[in-house]
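The opening residue of the sequence shown carries number 1 in UniProt numbering; numbering runs sequentially from there.
Keep in mind the hints are simulated off the structure, nothing from the lab. Backbone N, C-alpha and C fix where the C-beta goes; we use that ideal spot for every residue, glycine too. Honestly, I wouldn't trust all of these hints.
[Claimed, not checked] Ranges between beta-carbon positions, derived for each pair: (1) Tyr397 / Arg329: 15 to 25 angstroms; (2) Ala432 / Leu89: 37 to 47 angstroms; (3) Asp60 / Thr123: 47 to 57 angstroms; (4) Ser260 / Arg435: 41 to 51 angstroms; (5) Ser97 / Thr160: 27 to 37 angstroms; (6) Asp63 / Ser260: 51 to 61 angstroms; (7) Pro91 / Asp118: 39 to 49 angstroms; (8) Glu413 / Asp125: 23 to 33 angstroms; (9) Pro406 / Trp308: 27 to 37 angstroms; (10) Trp308 / Ala121: 18 to 28 angstroms; (11) Asp60 / Ser154: 16 to 26 angstroms; (12) Tyr259 / Asp63: 49 to 59 angstroms; (13) Ala276 / Glu370: 38 to 48 angstroms.
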Amino acid sequence: MTDLHDLHSSRRAFLGLIAGGLATAAAVQPAPAAKLPTKARIVMIGAGAAGTSLVNRLMDRLDGADITILDPSAVHLYQPGLSLVAAGLKPASYTQSKTTQWLPKGITHIAEAAAAIDPIAKTVDTTGGTTVPYDFLVVAPGLVLDHDAIEGFSLDLVGTNGIGALYAGPQYAAKTWEAASKFAEDGGVGIFTRPATEMKCAGAPLKHTFLIEDIATRTAGAGKHQMHYAAHDGALFGVPIVSEKVRMLFTDRGITPHYSHVLKAVDPGKKRATFATPEGDTEMAYDYLHVIPPQRAPEVIRQSGLSWADKWTDQGWVEVDKHSLRHLRYPEIFALGDVAGVPKGKTAASVKWQVPVVEDHLIAAIEGREGSASYNGYTSCPLITRVGRAMLVEFDYNNNLTPSFPGMIAPLEELWISWLMKEVALKATYNAMLRGKA
């Protein structure tokens with residue numbers, strides 16, 4: 001049996017491996033290529049993970065470009081950390097930094113949101129009344145959480161009446177832990193939900209379910225909690241082999257799945273949740289309810305004429321080629337991150353692989369040629385299954401598992417090293433990505 005000293009030694013060795021790997025990567029970086037002279041006007045909507053990463057990379061590639069980024073938020077949010085905050089494992093501050101600390105010098109940062117996009121005139125209007133013309137536009141504003149779609153729910157309820165909602169932001173993730181920890185101590189019925197729309201990091205509902213079940217069992221003991229997971233369709237995860245693995249873990253852990261159950265209403269006074277099902281509405285009583293609302297493109301995108309007309313019509317994702325991320329009707333427009341209308345890819349790990357593709361095609365367009373980079377749908381989900389254990393699940397558009405460490409980290413095994421990838425290594429990699437270095 002491994003003792004505590006061995007665990008600490010292994011942790012130090014792992015951290016040393018990360019540090020050594022980063023140092024080696026830095027040492028073998030090729031000499032920077034000569035910058036491309038250009039007067040191109042490039043406008044970026046959104047200074048989240050995608051926009052910030054790309055703008056840093058473009059500043060390293062272009063000389064003389066007029067680059068403008070629009071984002072009203074003073075706070076940059078490290079969204080992968082919200083699951084840890086909502087389980088009491090990290091403080092809310094762990095997920096927050098200043099937006100401006102990641103932006104390079106030499107660009108124009110307008111701290112306003114986009115209010116309108118005219119793809120014919122090639123202009124973006126801001127909420128402050130400024131009109132910004134562009135030659136190339138990158139749309140990366142993230143998505144919006146449609147809490148109003150759930151009758152009876154409001155963010156004021158989070159942390160009270162047994163209600164959690166970790167997606168809503170750091171303060172709400174912290175309040176989610178207040179409600180979840182009380183449930184862990186008191187026992188009762190816990191219900192965990194996911195929406196029927198596309199969503200960022202579809203593994204997050206499962207992570208929260210697994211973490212709270214683990215913490216509750218450790219806190220109050222086995223048999224004090226009934227755990228229920230409301231799946232929006234007939235599967236627990238979009239990749240069949242992963243879905244089956246989750247089903248097996250649910251069986252082992254006593255978590256009951258309810259397929260094709262979509263949350264539509266909450267009665268916080270009575271602690272009852274109403275779900276739409278193929279057989280009609282059904283109610284379930286709860287002591288703890290975790291709410292993840294429907295997720296959609298921001299209104300400015302849905303009103304811009306850039307969205308798909310024949311799919312995701314209730315959600316408004318941008319109509320792009322799934323490999324180049326270039327708009328199918330307006331070739332000077334690209335979409336990145338959550339708002340891109342592609343079958344996979346609403347995770348920070350996806351952004352890491354999408355950004356170089358848009359960079360390649362954008363640089364090529366400036367030079368008057370075609371780009372060659374292709375995004376294959378790579379998505380990574382460090383699927384936490386308990387405190388100290390996770391599965392490093394990576395896959396592509398075709399639901400093929402695409403492990404980054406074949407022979408070292410088995411993708412469907414609950415491993416401590418996969419937990420460390422999430423808890424330790426991921427944020428360092430994310431920050432390097434923001435700087436355009438990963």
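Hint-by-hint comparison with the structure:
1. Evaluation of the 15 to 25 angstroms hint for Tyr397 and Arg329 yields a pass: the beta carbon distance comes to about 22 angstroms.
2. Under the hint 37 to 47 angstroms, the C-beta atoms of Ala432 and Leu89, about 22 angstroms apart, miss the expected range.
3. A hinted range of 47 to 57 angstroms for the beta carbons of Asp60 and Thr123 is inconsistent with their spacing of about 27 angstroms.
4. Taking 41 to 51 angstroms as the suggested C-beta distance range, the pair Ser260 and Arg435 conforms, at roughly 43 angstroms.
5. Taken as a hint, the range 27 to 37 angstroms holds for the pair Ser97 and Thr160, whose Cβ atoms sit roughly 29 angstroms apart.
6. At roughly 55 angstroms, the beta carbons of Asp63 and Ser260 sit within the given window of 51 to 61 angstroms.
7. Look at Pro91 against Asp118: about 43 angstroms separates their beta carbons, and that is inside 39 to 49 angstroms.
8. Separation of Glu413 from Asp125 is about 51 angstroms and departs from the stated range, judged on CB atoms against 23 to 33 angstroms.
9. A hinted range of 27 to 37 angstroms holds for the C-beta pair Pro406 and Trp308, which are about 35 angstroms apart.
10. For Trp308 paired with Ala121, a C-beta distance near 22 angstroms keeps the hint of 18 to 28 angstroms intact.
11. Roughly 44 angstroms separates the CB atoms of Asp60 and Ser154, a value that falls outside the hinted 16 to 26 angstroms.
12. Distance hint check: the CB atoms of Tyr259 and Asp63 are about 55 angstroms apart, consistent with the given range 49 to 59 angstroms.
13. In this structure the hint that Ala276 and Glu370 lie 38 to 48 angstroms apart at CB holds, the actual value being about 46 angstroms.
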